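For the protein sequence lines, the chains are A and B, in the order given.
Under this note's numbering, the letters of the first sequence match residues 1 to 224, in that order.
Under this note's numbering, the letters of the second sequence match residues 1 to 840, in that order.
Please keep in mind that the hints were generated in silico from the structure rather than gathered at the bench.
Predicted model, so just to flag it, every value in this text is computed and none were measured.
There could be a bad hint or two in this list.
Claimed, not checked - Below, computed lysine to aspartate or glutamate pairings styled on EDC-like, alpha-carbon distance capped at 20 angstroms:
1) K303/B - E30/A
2) K117/A - D131/A
3) K401/B - E68/A
4) K303/B - E83/A
5) K289/B - D75/A
6) K84/A - E30/A
7) K522/B - E539/B
8) K303/B - E102/A
9) K289/B - E30/A
10) K303/B - D75/A
11) K289/B - E102/A
12) K137/B - E178/B
13) K289/B - E74/A
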Amino acid sequence: MITLSNLTKTVKSGIEELTILNDVSLAIPEGQFVSLTGASGSGKSTLLGLMAGLDAPSSGRITIDGDEVTAMNEDGLARLRSEKIGFVFQSFHLIPSLTAFENVLIPMEIIGAANAKSRTAELLEEIGLSDRGHHYPNELSGGEQQRVAIARAFANKPKILLADEPTGNLDTKNGQHIFELMEALHHQRNITLVLVTHDPALAAKAQRQVVLRDGMVISDEVNR
Amino acid sequence: MRFILNLTAREIRSSWKRLLFFFLCIALGVGSVVALRSLIQNLTRAVGTDARALMTADIEVSSTSDFAPADIAKIEDVVNTSGIIDGRNEAITTASMARPVDPENPNTRFVELKGVEPPFPLVGSFELDGGLAFDHKLLENDGAVVARILLEDLNVKIGDRIKIGEGEFTIRGSFDQEPGGSSGFRLGARVFIERKAFDEAGITRNSGRVRRRILYRTTDNPTELVSELRNALKGTTIQVQSYRETQENIGEQFTRTENYLALTGLLILVLGGVGVWNVARAFVEQKRKTVAVLKCLGAGGMKIISVYLLQILTLGFVGSLFGVVLAQLGLLFVRSRFAAELPENMSYAVGVSTAAQGVILGVLISMIFSALPLLQVRNIKPRLLLRDENNVSLRRLDPIKWILGGLSISGLLGLAVWQAGSIRVGLLFLGGLAATSAVLYIAAIILTLVLRRLRSIGPFAISQAINSLHRPGNQTRIILLAVGLGAFVVLTVQSLQANLLREFDFSSNQRLPSLFFVDIQKSQIDPLAAMIATRVDEEPETTPTVRARIAFINGQPIDFQQREVRQQQGQIGREFAVTYREKLDDNESVIAGGWWTSTDGVPEVSVEQEMADRLKILPGDSITFDISGRKISARVANIRKLDLRNTRTAFVFVFRPGTLESAPQSFATTVLTRISATDRQRLQRDVLAAYPNVQIFDVADIVATVQRLVNNFVLAISFVGSFVILSGILILIGSVALTKSQRIYENAVLKTLGAKRTTLAAILFAEYGILGLLSGIIGSGFAVLLSWAVSRFAMNISWEFDPLLTLVGVAATAGIVMIVGATASFDVLFRKPLQTLRSQ
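Okay, chain A solo, but in the shape it has when bound (with noise of 0.2 angstroms):
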């Protein structure tokens, strides 16, 4: 369960305080699927950032199945993300310097966990890369990459994956495959899935569907 109460983050714009987001609280059950759509600089990135541990709020409180995460420091939030949070972002983020294998064996290697290479490669079967395993990330296509950083993101089994824009650097085809996915592996693991979409037709097919206007919550509906 993911609870966000009263958020607000301001950023430094020159000499002005920038609101991103303003008093913003959701509550996100386990297991649910929730789009966040909205305009660009609307939030919706911001937010799930904020939901990761990647970035501290100005205000308010989030808690992870209880786990104030707010409270949390550097380490902690580190911890968090490698047990229980996976995160896709829209330019993939892939390590240049590692193989597709080696990005996704990188988090097991983090928390030492144990048959970490055999588990990369049913994440790569998974994902349908599996002879693609020793490629380097820029030898990838955008969509191959992004199968990539999704296995990586299922390396350590979270309970919650946070994806942010995940198609929107790639083509029709490619979007849809990797939505299809995700989507997949949200069934099957019945894990917490948060995607943040310009694409209404991809935000539609969510349990739940959030929408953003200049940082605060303006709708909050589930799908039927």
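Model the placement of chain B on the given structure of chain A, informed by the hints.
Quick look at chain B alone, frame taken from chain A:
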């Protein structure tokens, strides 16, 4: 831990090319330290381990005057009761003139004559040319064994006869290396004759430059016997030395030289460290996103720092090993270039412990200089992946930064102290380096500020280049500092060389004689002066000289039992040529006291400044001289400074007229006129034929020897200086890498705006050309200042500004920086702009 090791291995696999300069910076620094240290250690081993062979005995008792029968009795008494003496001989040495007996052969040469008696040598062996062992029979009946070089100089061969003093000798053998012969600078070639032939040839009759030695070989440790001999000879000027002490002295000198050279190596390594610092900064900058991803995946800051630290230490280690290989190659180069001037038995291998020391130094320097840049990893936030912002700068009051900075400086100080072998020298090294860097850095700031004001004056390429020097994150000042420092070292040495060589150039010193005659008898003055006058058309000035020794200072004998005093015994205990005159010479000035001002009739003496310092005396003190057995006390009237640039004679002690006139004296005279080598040879030969007791110094020969020494010294320092420049270039290349991404972006924008590749190339060349020009100006400007200061205050020689050297120095620095910088950045010109702009 597995994560750290695995990721380190993967990172090295992918990033080693980017860290190549890091590797080279360390390799070059470690290579310099190891090569310089090994060189001097090997030299010590070759020379120092054989101090016994150098002395050709275990104990040496020596004096510059005849041993008094009472002293000999004391020596024999102590020696006989010790029961450890196994062999004894006597030797006598002096400088003299040698010339062929053949009247057709006009050559003359200054030689260092040694009279020996069997068994010689007491210790060690003496091999003559052709593999023959030295046999004393070769010297019997006026035989001589000479250094090979003398055969060439005099144009004679084995079997020919040469004349030394009044004696004639047949050359019966030649040699390259003599026992006890590697003690450094020597003016003339060595000639061995029988000891008793010395007196027969009349060589000892007048000369005060004779040293007599009694040598002993012992069957046991000679230390106790030496101390007993010293006790017995207290109050005399006789020196007693054991080979162990000689070894100790040589050892100390070599250790000091080794530590100073190691500091020079450390300077190069510290410059390498600056390169490491730059590369580490560039590396962290390039790895920002990777660090953010790792943090996003749950890796803690310390874990990531550990990965990169381990990576840097691994590369530092491998770089250091490569440095050891470079050092070995350097030593092989030294062998190929300088083997003839170094001891034959010298090894050219890097020692294991020196190599290990170099590797430890390299790894520590890698760690010290990469610690602060790596600390920035802590401040890279994973939110960077969502919103790019420059969040890597350290907070001003970050306590960990300051603690780490303090630790780094302490570490560096520790290394300097370790390498110098002294806390004081280590502190001075680091302080000196900091002060020099600060001065160069301030000069760099001022120059770049001035340049910025001028940017609107030049064409587009120049103004863009000047703007580039001020781009955010620019490395302008650090490059100016590093390359400027290299240029500074090399140009200072070059400028000093030019001034030193000018100092020994005949044409610039009209008072430096071309020939110097000493030991002239009173009856010989007029005919000799007449002979000189007819040959060179010059009325020579003659100066009376009296042989004197210091007996007491303020009524007290000099205590040669003290080690410090004993070390100066050569300078204090020797026989001096003193003179007397009414007036100060042109090249002299009084710096304390007055010139013959008293009226009380007490004998007065003027003392040269350096000797006064050595004897710790002031005007008003008293010095008692021993002149041919007579004690004469004189009051020190003044301390005198000699201007050696304008010297004709240089007397340490000058008496007021009225005291020495009745003492046994000889005369000295000079020829100032510049005459050809043939005329000089002919004059020397004729003078010696008529007056064999006279000694002649051909100053041109001495100057040539000194010039050769200066040239070798300059070559050695320039070699080290070129390593400093090389370090500067590596820093430059590292800095190019640091700002490359910005340059790529700027070029993409300029291309989009319509700039042609030739325009971008012009900007590139202009940027590095200006950078090189500024480095050259800083380096040569400070080189001019330092060479002036060293010439004026340390070497006491005249200094002249050499505009050509300065111009060439500035142009060469500018050229090197322009070529290296532009070459390292050239690929940037060929990048497609769209790809670059999209990725931003």
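These are the hints, each one checked on the structure:
For the given pair, K303/B sits about 31 angstroms from E30/A by alpha-carbon distance, which is inconsistent with the 20 angstroms threshold. Simply put, K117/A and D131/A have alpha-carbon atoms about 15 angstroms apart, close enough for the 20 angstroms limit, and the pair holds. The suggested pairing of K401/B with E68/A is violated, with an alpha-carbon distance near 30 angstroms, which exceeds 20 angstroms. This hinted pair checks out: K303/B and E83/A have alpha carbons roughly 17 angstroms apart, not beyond 20 angstroms.
Distance check on the hinted pair: K289/B and D75/A sit about 18 angstroms apart at the alpha-carbon level, within 20 angstroms; holds. Only pairs whose Cα atoms come within 20 angstroms are accepted, and K84/A paired with E30/A is accepted, the gap being roughly 12 angstroms. Restraint check: the Cα-Cα separation between K522/B and E539/B comes to about 17 angstroms, which is no more than 20 angstroms; the hinted pair holds. A C-alpha spacing of about 17 angstroms is found between K303/B and E102/A, which places the hinted pair at or below 20 angstroms, so the restraint holds.
With a C-alpha separation of about 31 angstroms, the suggested pairing of K289/B with E30/A is violated against the 20 angstroms cut-off. The straight-line distance between the Cα atoms of K303/B and D75/A is roughly 10 angstroms, inside the 20 angstroms bound, and the hint therefore holds. Taken as a hint, the K289/B and E102/A pair is honoured in the structure, with Cα atoms around 17 angstroms apart against an allowance of 20 angstroms. Of the pairs offered as hints, the one joining K137/B and E178/B holds, with about 17 angstroms between alpha carbons and a cut-off of 20 angstroms not exceeded.
Proximity of K289/B to E74/A is assessed by CA-CA distance (about 17 angstroms); at most 20 angstroms being required, the pair is judged to hold.
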